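**Q** Sequence:
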Amino acid sequence: MPVRTDRRGTAMQILLLAAAIAYSGLPWEAVAGFPLDPAGSYLSELAAADQPLGWLFRALDLTTGVLVLIALLVGGRSGGAVARRGATLALAGFAVLTIVDASSPMACASSASLRCARGDAANTLGLAHQIHTVSSAGALAALLVSAVLLAVAVSRDAGWDRPVGRRLLLALVVSIVAVTVLVSVLAVLSTDEGRLMSGGGYAQRAQVLLVSLYLGWFGFLVKRLGSGPVRVTASPTDAVRPR
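Following this note's numbering, the numbering of the sequence shown begins with 1 at its first residue and continues without gaps.
I should point out that these hints are in silico values taken from the structure, not numbers from a laboratory. Careful: at least some of the hints might be erroneous.
Restraint ranges, calculated between C-beta atoms of paired labels, are given here [said to hold, decoys possible]:
id: 1; residue 1: Ala178; residue 2: Val96; range: 20 to 28 Å
id: 2; residue 1: Val188; residue 2: Gly76; range: 40 to 48 Å
id: 3; residue 1: Pro52; residue 2: Arg85; range: 40 to 48 Å
id: 4; residue 1: Pro163; residue 2: Val96; range: 16 to 24 Å
id: 5; residue 1: Arg85; residue 2: Val134; range: 22 to 30 Å
id: 6; residue 1: Ala178; residue 2: Leu89; range: 41 to 49 Å
Just so you know, these numbers come straight off a predicted model, no measurement behind them. Beta carbons: idealized from backbone N, C-alpha and C, even for Gly.
Input sequences plus hints: build the corresponding full structure.
**A** Structure (structure tokens):
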């Protein structure tokens, strides 16, 4: 059984690493030649229905959601601390909402079209566009909940003997939250022309990269939880047993 469990854990790690690569965004955008201005556009606009390579970025998001769900099913272990179970369930929620997000693309890229931006502001771009907006926000919220709960689980795990890993996870979670707040503020302060304030697009891409890092690291952290050093205590008979 331990060997089988270890293989399941390894499979989960590989699947989540693949999901992280698919979700990373910026590298794929670079390969595509930066179709939109990265300084003022949302990365998700690349998956809009009116974009030539929209099918590719929708496929990448869909692949991410499917891989994360398969990874969590393969991993199998939902036991342990409440925080760890919550982190896993929240990540599953992220995966489901990402699939919904990819299946309901934006109607158009608002940063590249004033007409699209005005339609977005007036909520006249159709149901799929609105579903995309809600599911995208929901997926990010679920990811944040997962990251916070996993950080709590790691901090409370008595068997965790790697303080550096704990600090790095905390730094990652704080970074994701901070960049998310920054992007949200920039979105509120942006104009009605559908573009983020100059430089806001870079912050949003950094946010996606940080989320990808969390996805890739999740499997290793969960596998490590509860598998710290085992303390062996001698039985009374050991003291008189012949050497």
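**Q** Now look at each hint and say whether the structure bears it out.
**A** Evaluated hints:
1. Taken as a hint, the range 20 to 28 Å holds for the pair Ala178 and Val96, whose Cβ atoms sit roughly 26 Å apart.
2. Take Val188 and Gly76: their Cβ atoms lie about 42 Å apart, and the range 40 to 48 Å holds.
3. Roughly 42 Å separates the CB atoms of Pro52 and Arg85, a value that falls within the hinted 40 to 48 Å.
4. Between Pro163 and Val96, the C-beta spacing of about 34 Å breaks the proposed range 16 to 24 Å.
5. About 26 Å separates the C-beta atoms of Arg85 and Val134, a value consistent with the hinted range of 22 to 30 Å.
6. For the hinted restraint 41 to 49 Å between Ala178 and Leu89, the CB-CB distance of approximately 24 Å leaves it violated.
The structure fails hints 4, 6 (numbered hints given earlier, in ascending order).
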